[in-house]
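Those protein sequences? They're chains A, B, C and D, same order as listed. Numbers 1 to 334, taken from my numbering, label the letters of the first sequence in order. Numbers 1 to 334, taken from my numbering, label the letters of the second sequence in order. Numbers 1 to 334, taken from my numbering, label the letters of the third sequence in order. Numbers 1 to 334, taken from my numbering, label the letters of the fourth sequence in order.
Hints are not guaranteed to be accurate.
Which copy? The list can't say, so a pair holds if one copy fits it or any two copies do.
Said to hold, decoys possible - Only pairs whose alpha carbons sit at most 20 Å apart, straight line, appear in this in silico DMTMM-like list of lysine to aspartate or glutamate:
#1 Lys214 to Asp138
#2 Lys319 to Glu330
#3 Lys89 to Asp212
#4 Lys47 to Asp178
#5 Lys6 to Glu54
#6 Lys334 to Asp323
Note that these hints are calculated values from the structure, not bench results.
Number of protein chains: 4
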Amino acid sequence: MVTVLKHGVTDEQIENLCKWFKTRGLDVHISKGHYQTIIGLIGDTKKIDTELLESLEIVETVKIISEPFKNANRKFHPDDTVIDVDGVKIGGGNFALIAGPCSVESEEQIIEVAEKVKAAGAHILRGGAFKPRTSPYDFQGLKEEGIKLLIKAKKVTGLPIITEIMNANHLDLFADVDIIQVGARNMQNFDLLKELGKTNKPILLKRGHANDLKEFLMSAEYIMAGGNERIILCERGIRTFEKYTRNTLDISAVPMLHELSHLPVVVDPSHSGGMARLVKPLSLSAAAAGADGLMIEVHNDPSHALCDGAQSLTPEQFKEVADKVKKIIEVTSK
Amino acid sequence: MVTVLKHGVTDEQIENLCKWFKTRGLDVHISKGHYQTIIGLIGDTKKIDTELLESLEIVETVKIISEPFKNANRKFHPDDTVIDVDGVKIGGGNFALIAGPCSVESEEQIIEVAEKVKAAGAHILRGGAFKPRTSPYDFQGLKEEGIKLLIKAKKVTGLPIITEIMNANHLDLFADVDIIQVGARNMQNFDLLKELGKTNKPILLKRGHANDLKEFLMSAEYIMAGGNERIILCERGIRTFEKYTRNTLDISAVPMLHELSHLPVVVDPSHSGGMARLVKPLSLSAAAAGADGLMIEVHNDPSHALCDGAQSLTPEQFKEVADKVKKIIEVTSK
Amino acid sequence: MVTVLKHGVTDEQIENLCKWFKTRGLDVHISKGHYQTIIGLIGDTKKIDTELLESLEIVETVKIISEPFKNANRKFHPDDTVIDVDGVKIGGGNFALIAGPCSVESEEQIIEVAEKVKAAGAHILRGGAFKPRTSPYDFQGLKEEGIKLLIKAKKVTGLPIITEIMNANHLDLFADVDIIQVGARNMQNFDLLKELGKTNKPILLKRGHANDLKEFLMSAEYIMAGGNERIILCERGIRTFEKYTRNTLDISAVPMLHELSHLPVVVDPSHSGGMARLVKPLSLSAAAAGADGLMIEVHNDPSHALCDGAQSLTPEQFKEVADKVKKIIEVTSK
Amino acid sequence: MVTVLKHGVTDEQIENLCKWFKTRGLDVHISKGHYQTIIGLIGDTKKIDTELLESLEIVETVKIISEPFKNANRKFHPDDTVIDVDGVKIGGGNFALIAGPCSVESEEQIIEVAEKVKAAGAHILRGGAFKPRTSPYDFQGLKEEGIKLLIKAKKVTGLPIITEIMNANHLDLFADVDIIQVGARNMQNFDLLKELGKTNKPILLKRGHANDLKEFLMSAEYIMAGGNERIILCERGIRTFEKYTRNTLDISAVPMLHELSHLPVVVDPSHSGGMARLVKPLSLSAAAAGADGLMIEVHNDPSHALCDGAQSLTPEQFKEVADKVKKIIEVTSK
């Protein structure tokens, strides 16, 4: 951490501040310039509240040098984390295709979709049971019943299942779910993150639509600080001024997250663009950028889906995407 | 709602689509142009899933005409809502000053601040007990103990109190709290909103840092749909590319929310700017723009605050702001 | 165009407004609903100033149905435009690699880079002569001398050249330049666009860092309206709240622009990320998303480049990217 | 400037880098930590290309400590700059009201508006002659003729005039114009800025719709570096995800620009909101936040304005705003 002092600060004031740093166990290095004095701080700077420091009258600005996330940081864990879900691996060179409907609607629907996406190459089945909807008047999911239907589809196809949690009180219902998803709107629902840190389930954490990569990794850190280190990061588009697409897929987040963290990074091309016809180009681009997996919405009958039909692929379209994605990975992994 | 069809759609396809609309109880008005055919729909268009409609092959785009919020909409409730909190009124020409520390830290601290902000003109006392923090390693608040201390400060000063809830499981602890605050990060924690809709407490709902006004009002709608109509909207800055300020106070949101909704609108100048020295100009500008109140962080000793000291005013600075704000309101209310 | 009237508008007011539309040669279709009356307009709605219309007291909102760009619109020109630059084709299945230094620095430098990028597979040589810099104190390019050196490099290697124009007064200097580049900051320098519309040179138009796709295509329209239809669109990253990367590459813009327009779309991965180590993943992702070309900064000695060295590849790194890109295109073009 | 080195850098590498800094005349202060080594640099760091430095393999990151603008920086010019335009003062406690139509349309129109805004309290007359329009098919202004009509209106009313320049080639036409306006889209048209730096006219520089405050001040710096120090900064709304308003007025920019710079700051509430009914609340809020002036669009007949009628006030509405603004200033200036 570096503290820049204002012009005109007295030697006594500098000395007092340095004493204050030293009582907090930090080493202090002073560089006096013509216009500014800079204090470099070495040690465990987490003990310093930087905003408090910035509020002092003699301080012009404070610059943070190290990232505040530890468990998620590649600096301290150079090797890729590989998440093993019932034999399906994600990360460290293992690419996972997650597919299924936005919402679980009925037993036939989820089993039909599960069988078709499996045949097309999917490794994991997704399906929404609890649905976060912007409007209270929209379909909110089959809830508990939806999870039971997912478990049936898992028995039939053998595919591990992933579904979203919206409330830590529902955790018991997720006992047979293989991966728990945290939605973008709950990325900073810290009470929920803490509860998930106490479980031993893999967590797929979606990036909030306006959260930067540091905040994203800090939310992973919340879960990891509780002892659960099996986190899959999911980029699903951010909010920008551009309105032709629902969100703007931040494709650069894939290599940047790989640089900052050892956790696997999956991309959701369905919510990023919000249109079925964008899913193929965005899937290929995510694979080419080095993503460790894709989470794609597939519906047996998109025009009658109860939610988000506009962005769902048919199983046939999904097959086409899956085939091309495999070829892209062959190119990039060599 | 207006549905625009693609160039080259056949009469039969148009007829089929119109039949489908009619079975949903809608009136249909067709305008055929050279390049495009437009179908106007009259009736309860909430029954139509617009994203599904957009996904149909013959549809180019769908334009929504009416806002999806009903209870919060001024169109159906022309008069301002006035919230009465233990005799303190907010909205409809009543301006409320809410002040207090970011975090409750101790009995002396909260009582000292409460007495000082009351003397300076505050109507309601704020204080954080449960604190949402980006980092799991930061101070998370005194929790239950913090609420007890707030209640003591209320007894001493008579000021109604407001504090933030992070988890519906904590609702019992809020029995003696006068206004429950929902933080920006929980604006779309729909399960929490639904639980608050079942209470009879006034709710101060903060706008998410990247949510537009429609989403903001839809979240108010979640609470109102449950039967609790006492909502105070709070603008607290949005996330933009600009980095000199922590957030960008969206001052236009004040008159726009008043136009769209009958609910009172309060501004938080402390979190908007993230710097104590911005609180005064932002407070005056919010009052001048027609806000129904301000929520300002005040600490007896900002440089030793456990959280957000950088943006806290001293009681003396708060008094200066409060006095000027009163004069601004005299100008604007005439 | 659709005009939505306010609740309570009288029949006479509606009639008057419809007369006004009819005098402008438009067909009018009225749909009266319980809460709202909607007027559909068919014909050449370009004659209507929509903001004026919205300002009328009886009008609630105006919805635009068709895009305001005509020459650039795929609706009226279904086939891909192919730009031929001295035998190098861009668009319609032809992929072009544009490479070279941010700034032309000396004869040896530009010829060395030109020869190396050619050997690595580049089709066109880029190099900055006039440099737009945020600070007046930064290196502003070799200007006229830079263009002369580019022309020398062209003679030696046979590669067509592209360089940026900042001022229409310099057009004479561009007589032997093959493609004229308009930088992001000049995307809405309309006087410059108009002058370029009078030339017969291919124009590579970069998207402004905060311009949406409609504005981008409207700027192409400015040039095309003058008679010059040889436009190459270039996505180079947009400005968002995320700060780990210099800009956010809007990868969805590639398929969206292809849908909206017939013009070729090239991606600049160097400015998008602002870091050499992001160029490879972003290049591969752009090729996978269907881009018609890439424009990549390559420098013989990045650590001594006079500008933007941080984002320049060495010729060896460029060769690696070029080889992988070719393989990606083989996958996607099948 | 502070350079942070990567973990594992050798002493020899550090020594070499420090030598390189010293050859550039900089003092070097090294702080070695457990995980990181930090090099503080004192002296004229403008000589260092920070992006180049960041690209070095041993460098993790570079932190800039001082702002790169000098002439515009309050640090080196503590007193407010006051711009005197023909006796009308702006800045340093002097508040200026600039009003007039978006476009000059005819002699009667501009003279009528000029007389009415003068009577209502305006100090300076605005009017567009050269109009930057997103679409090539929209009205582009009366150009030279428009300037002549403005000069006539000045003769009749005595009001100084301001109008926008789009092309340095037109400078001769601006000989009798009192303030030259640079529009938001030209804020980084550096060639234009350089030419304006050679004139002795006050320049009203509008902030680009997606430029941060540093870039804004760097553009002022471009003009000032040429010798013209009479710059008026104009905040006119930035581009965000919010779509209910055309732009988002960044009200915090007013106090922040006053802190960073000594130049006067004016607000344009008409373009910020894009709606006449937002002009009053935004004007009052700008005055309350400490702006040195307002630039407001006023038209004698907004519903027939050739451009931007939707955001124009009538002279009567302007009078009401002007009267309230005066009272707000009385409150804030005490």
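Give me the numbers of the hints this structure contradicts, sorted from smallest to largest. Violated hints: 3 and 4; rest satisfied.
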